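Undergrad: Chains E and L are the protein sequences, given in the same order.
Numbering-wise (full-length UniProt numbering), the first sequence opens with residue 1 and increments by one.
Numbering-wise (full-length UniProt numbering), the second sequence opens with residue 1 and increments by one.
Honestly, the hints are just simulated from the structure, not real lab data.
Among these hints, one or two may not hold up.
Pairs count within a copy or across copies, as identical chains cannot be separated in the list.
[Unchecked claim] Computed cross-link-like contacts, DSS-like style, restricted to lysine-lysine with a CA-CA straight-line distance of at most 30 angstroms: (1) K76 <-> K38; (2) K354 <-> K421; (3) K153 <-> K222; (4) K153 <-> K300; (5) K153 <-> K491.
It should be emphasised that the depicted structure is a prediction, and the values quoted were computed from it without experimental measurement.
Protein chains: 2
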Amino acid sequence: MIHIHKPLMGMWWIVAVAILAHTASAAVREYAWEVEYKFGWPDCKEGMVMAVNGQFPGPTIHALAGDTIVVHLTNKLATEGLVIHWHGIRQLGSPWADGAAGVTQCAISPGETFTYNFTVDKPGTHFYHGHYGMQRSAGLYGSLIIDVAKGKKEPLRYDGEFNLLLSDWWHEDVLSQEIGLSSRPMRWIGEAQSILVNGRGQFNCSLAAQFSNTMLPTCTFKEGDQCAPQRLHVEPNKTYRIRLASSTALASLNFAVQGHRLLVVEADGNYITPFTTDDIDIYSGETYSVLLTTDQDTSKNYYISVGVRGRKPNTPPAVTVLNYVTAPSSQLPASPPPETPRWNDFDRSKNFSKKIFAGMGSPSPPETFNERLILLNTQNLIDGFTKWAINNVSLAVPGTPYLGSVKYNLRTGFNWNSPPKDYPVDYDIMNPPRNRNTKQGNGIYVFPFNVTVDVILQNANGLNANASEIHPWHLHGHDFWVLGYGEGKFKPGIDEKTYNLKNPPLRNTVALYPYGWTALRFVTDNPGVWFFHCHIEPHLHMGMGVVFAEGLNRIGKVPDEALGCGLTKQFLMNRNNP
Amino acid sequence: MIHIHKPLMGMWWIVAVAILAHTASAAVREYAWEVEYKFGWPDCKEGMVMAVNGQFPGPTIHALAGDTIVVHLTNKLATEGLVIHWHGIRQLGSPWADGAAGVTQCAISPGETFTYNFTVDKPGTHFYHGHYGMQRSAGLYGSLIIDVAKGKKEPLRYDGEFNLLLSDWWHEDVLSQEIGLSSRPMRWIGEAQSILVNGRGQFNCSLAAQFSNTMLPTCTFKEGDQCAPQRLHVEPNKTYRIRLASSTALASLNFAVQGHRLLVVEADGNYITPFTTDDIDIYSGETYSVLLTTDQDTSKNYYISVGVRGRKPNTPPAVTVLNYVTAPSSQLPASPPPETPRWNDFDRSKNFSKKIFAGMGSPSPPETFNERLILLNTQNLIDGFTKWAINNVSLAVPGTPYLGSVKYNLRTGFNWNSPPKDYPVDYDIMNPPRNRNTKQGNGIYVFPFNVTVDVILQNANGLNANASEIHPWHLHGHDFWVLGYGEGKFKPGIDEKTYNLKNPPLRNTVALYPYGWTALRFVTDNPGVWFFHCHIEPHLHMGMGVVFAEGLNRIGKVPDEALGCGLTKQFLMNRNNP
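Model the full structure from these sequences, guided by the hints.
TA: See the structure below:
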C-alpha cells in the first residue's frame with residue numbers, strides 16, 4: 001500500500017498511470033486524481049459540476065479481474081470534504097477503502113490526499129461516486145469496468161462494447177437542494193431537468209423534436225459541444241455489449257433501442273441467465289450489460305431513448321442515435337424513438353425484475369437464515385423536519401466512522417444498542433403513519449462472522465395518502481441473493497415458501513416496490529462495516545439507511561489516514577500516551 | 001480551557017451562556033454555537049446564508065475588557081469545514097484561537113466541535129467572521145463589542161448606542177463565485193447587488209425612492225420582514241455612539257447621516273483624537289465609533305446612507321432612517337439622503353485617512369525599525385489563472401497550519417525560505433507588469449521576538465492599463481501604527497522623513513491607495529503566526545496575503561484539536577510511537 005501526502009500546494013508529485021507486474025496475471029493500476037468544481041454544460045445549460053482531473057464524468061477505470069487499484073485522491077475543493085465509493089466492489093479485506101463517509105472513513109479534507117487501495121476480484125460493470133453529503137448529485141461519478149482476467153475466457157461473445165453511465169441533472173445547485181431538504185417545512189427537489197448519458201443531456205431541445213408533442217426545438221450542436229449526445233456507431237451484423245450503470249440521484253430509468261431487442265446478460269457485476277427484452281428498467285445503483293445485434297436495415301439509424309419511470313415524469317427522455325456506419329451518421333431516424341413505458345405500471349416493472357435469474361455456475365444461497373431483519377420503510381417527521389426512517393429510526397451518521405469505533409471499541413462513537421429488528425405487528429402499511437413522528441439514531445446491526453442474514457425490506461405508505469414510492473436499496477461490501485418480491489405485508493412463515501432458492505440472482509442493489517416487500521439474503525463473510533441504504537440521494541440524506549457490521553474481531557489493519565476525525569482522531573493522537 | 005466533543009449527532013449537550021466570576025472584575029462568557037446554512041432574505045430576495053444558531057448575522061457578543069470568551073463552535077454543515085476569526089482581537093498568548101484556517105488551525109470538519117478560548121484585553125468595536133474559503137461572503141459574521149472593564153470609566157460620554165455591521169451581498173451563490181474566480185479565464189464576481197446593514201438590505205426598492213433617479217419603487221415591508229431596515233430611534237438632545245464595522249467582501253463604504261455631523265472617536269478598537277466629519281469612509285476590515293448628537297429639528301426624521309466608494313459603484317446605497325421619537329416613526333425625510341462622495345475622489349479618501357491620529361495616552365511607536373519589508377502588490381497570471389501576488393509570490397496556504405509546522409518544527413509543512421523582502425528597483429508601478437506571470441508560494445516572514453518591523457505596502461498598476469485598486473490590509477494578532485501614506489514609489493531614505501512618529505493611530509486594518517504606498521510599524525511581541533492580507537475576500541482567495549511568524553520559541557501549548565489535519569495530524573498520531 002502506498003500513502004503519499006502532498007503537504008505543499010505548490011509542490012507537485014506525479015504518479016503515472018502505472019501498470020506494474022503484480023503476479024503473473026494481475027496488475028496494479030495506480031491513479032492520481034484531483035477533485036475540484038468547474039463550470040460545465042451537462043445539458044447545454046451552464047452549471048457547477050464536480051470534476052476529476054478536470055473531467056466530468058470522472059475518468060473511466062478499466063481493469064482486469066484480480067488487479068489492484070490504487071487511487072491517490074486529492075481534495076482540491078475550497079472548503080468541502082470528499083470521499084469516493086467504489087460501487088459494486090466488495091472490498092474483501094479492505095473495508096476501510098469502501099469510501100462511505102462516516103461509515104468506513106473520515107471525509108478527506110481540502111488539501112489532503114487519501115489513498116484507496118483495493119482488489120477487484122471478478123469481472124463486472126461498476127461505477128464510482130461521491131458518498132458524502134449530496135456530492136453524487138453534484139456530478140462526482142465515473143465508470144469502473146472490470147474485464148475477465150488475462151488468460152481467462154469472457155463467457156459473453158461480442159464484437160465491441162459501449163459504456164453508458166446514466167444520471168439525472170438539476171439546474172438548482174446541490175447546496176440549495178440540500179438546504180431545502182433540511183428545511184422546515186422540507187422543500188422537495190422536484191424532478192430532474194435532464195437525463196444525462198455519460199454526462200451529456202439536452203435541455204429544452206431534443207434529437208427527436210419532430211416526433212415530440214412538447215414543442216421542443218431540434219437540438220443543433222457545434223463541434224465539441226459538451227452536451228452533444230454521443231452517437232453509438234455500429235457496424236452491421238455485429239454484436240455489441242452495452243454496459244449500463246445508473247448513478248441517478250432520483251430517477252428510475254428505462255432504456256430502449258429502436259427496432260432492436262436487447263439480450264440482458266449481466267446485472268450488478270454478476271452474469272445472469274440471458275433473456276431478451278425490448279427495454280430495460282434500471283434503478284439508481286444498478287448496472288446491467290445487454291447484448292445488441294445489429295441485424296436491422298443497415299441504411300438507417302435508430303433512436304436510443306432513456307426515459308423516467310417509477311415517478312410521475314417531468315423530465316424529457318434522453319435521446320441519442322444508434323448509427324449504422326453504413327447509413328449517414330447525421331441522418332435522424334424516420335420514426336419516433338421508443339416510448340418509455342407508463343411510469344406507474346408497476347406490474348410491468350416487477351415483471352422485469354422477476355425475469356432476472358442467476359447465471360450458470362453462480363453460487364447458490366444457504367437454504368436458510370441465521371438472523372433476519374424486517375425493515376419497515378417509512379416517511380416521517382422529526383420536529384417538523386421531513387425524514388425517512390427504518391423501523392422508526394432515521395439514520396444520523398455519527399462524526400466518528402463506525403469502522404474506527406468498532407475497530408478500537410470506542411463505546412461513545414455511536415449507540416451500540418441494536419436498532420429494532422422488526423416493526424410492530426399492527427402497523428398499517430397501506431395508510432399514512434398514525435404516529436407521524438420518528439427519531440434519529442445511529443445504532444447499527446452487528447452480526448457474527450459467517451452467518452446467513454435475511455433482510456426483508458417492507459414498503460409502506462408515505463406521509464400523504466395513496467403514496468408509496470420505489471426505493472432501490474444498495475448494500476456495500478456484498479452481493480446478496482434476491483429471494484423474492486411480494487405484495488403487501490410480508491407474512492413470516494408463509495411468504496418464505498415463495499422464495500427462489502434455486503437460482504436467485506446475486507446483486508448489490510434491489511428495488512423495493514410500492515406497498516410491497518423484497519427479500520434478500522447474504523452471508524457475513526466480509527469483516528467490516530457496511531452501509532445499506534436507499535440509493536436515492538435525497539432519501540439517504542433524510543436518513544433512509546442502516547449499517548451492518550460483521551466479523552468485528554476479524555477486521556484487519558485500518559490505515560490511520562482513514563480515521564483522522566472525531567473520536568478516532570483523539571484516540572490515535574493519544575494511543576501511546578502514558 | 002474546556003473542550004467538549006459531541007460524538008453523537010443525536011445527543012445534545014447544553015452549555016448555558018454562563019457568566020462566571022473569574023477574577024474580581026473579569027468574567028468567562030461561554031457560548032455554544034452551531035453553524036449551518038439556511039435560506040434567508042438578506043435583501044428581500046431569497047438566498048443561502050450561513051447562520052449561527054439560526055441567526056444571520058450571527059449573535060452579537062458583548063463582553064467587558066479582561067473577560068474570557070469561550071465559544072464551542074459546532075460545524076453542522078453537510079460537507080464544508082469551518083473556522084471563525086475574531087477580527088481585531090490580538091489573541092495575546094492564544095495564537096491557536098485566531099481562527100485563520102491553514103494559518104493558526106485546521107478547519108473544523110462537519111460534525112465536530114472546536115472550542116475557542118481567548119481573553120479580550122481592551123475595549124473596542126470588533127466583529128467576527130468566517131476565514132475559510134469565501135465563507136465570509138456567504139454571511140458568516142457577527143459583532144463583537146468589548147466595553148470597558150467593570151469599575152473602569154469609559155472615556156467617551158454618550159447616552160445610548162447603536163451597532164451597525166455593514167456588509168455587501170451578491171445574488172450569485174458563493175460556490176459559483178469561487179469557481180468563477182478559480183476559472184481560466186477568471187470570472188470576476190462583479191459589484192454587489194446590495195449593501196446590508198446588520199444583515200438587511202433592500203434590492204430593487206429604496207426607502208428614498210422618491211429622490212432616486214433610478215426608478216426604484218419605494219420599499220414596503222410587512223411586519224417581521226427579514227430585510228426591512230432597522231431604523232435608529234433617538235431622543236432629542238442626546239449623544240449616541242454609533243459603532244460601525246465593515247465585513248464587506250469587496251465594497252469600500254461611506255456612511256453619512258443627513259443633517260448631522262459625526263464625531264469620530266474610535267478606529268479598529270483604539271481611541272483616536274476626536275474629529276468631526278460629515279461622512280466617514282470605512283474599508284473592509286475596519287471599525288469605527290462615531291458620536292452623533294441629536295441636535296436637529298426634533299419633528300423630523302433623517303436619512304442614513306451607506307454607499308459604495310473606491311470602485312465604480314453599481315450597487316445602490318443602503319438607506320435607513322434616524323427617527324427622532326418626537327417625529328412620526330414612519331415619516332420619511334422630505335429631502336434626499338446624503339449623497340455618497342464621488343467614488344474615485346481618492347484625494348478625499350486619503351484626506352479622511354490622514355485625519356486619524358492616536359488618542360491621548362496611546363502608546364508611541366519605537367523611533368526606528370529593526371526589520372523592514374517592502375511589499376509590492378501586483379495582479380498577475382499563473383498559467384492563465386488570474387492571481388494577486390506580493391513581491392511576485394501568490395500565497396497558497398498549505399494543508400498543514402503554519403502554527404503547527406513552526407511549533408513542531410515540521411520542515412516539509414511549508415517552504416521555510418523567506419519570500420522576497422523587497423521588489424526589483426526597476427519595477428514600474430505605473431504600468432501593467434512587464435512580466436505578467438507570477439508563481440505560487442507558501443513561504444513566510446519569520447521575525448525574532450520583540451523587534452520592530454516596518455511594512456511598506458506598495459501599490460502598482462494591475463493587469464490592465466490605468467487601473468490600480470484600493471486594498472485594505474488587515475493584520476492578525478496585532479495593532480500597528482500607521483506611519484504614513486504616500487504617492488508613487490516609496491523612496492527609502494527619503495520618505496521615512498514624512499512619517500508621523502508623534503501620534504500615529506493604532507489600527508489593525510489600513511488602506512493602500514491606488515499607485516501609492518502605506519507605511520506601518522509593529523512590534524513582534526505576540527508569539528505566534530499571523531496572517532496579513534488584503535481584506536477583500538476574492539483578492540485573498542486569489543493569493544493576496546503574506547504570513548508573519550514571531551517569537552517561535554515562545555509559542556505556548558497549542559491544543560491538539562487545532563492541528564488535526566495534514567502533517568500535524570500525522571505527527572500527533574505518531575509522536576509517542578517507538
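Undergrad: Which of the stated hints cannot be reconciled with the structure, identified by number in ascending sequence?
TA: 3, 4, 5
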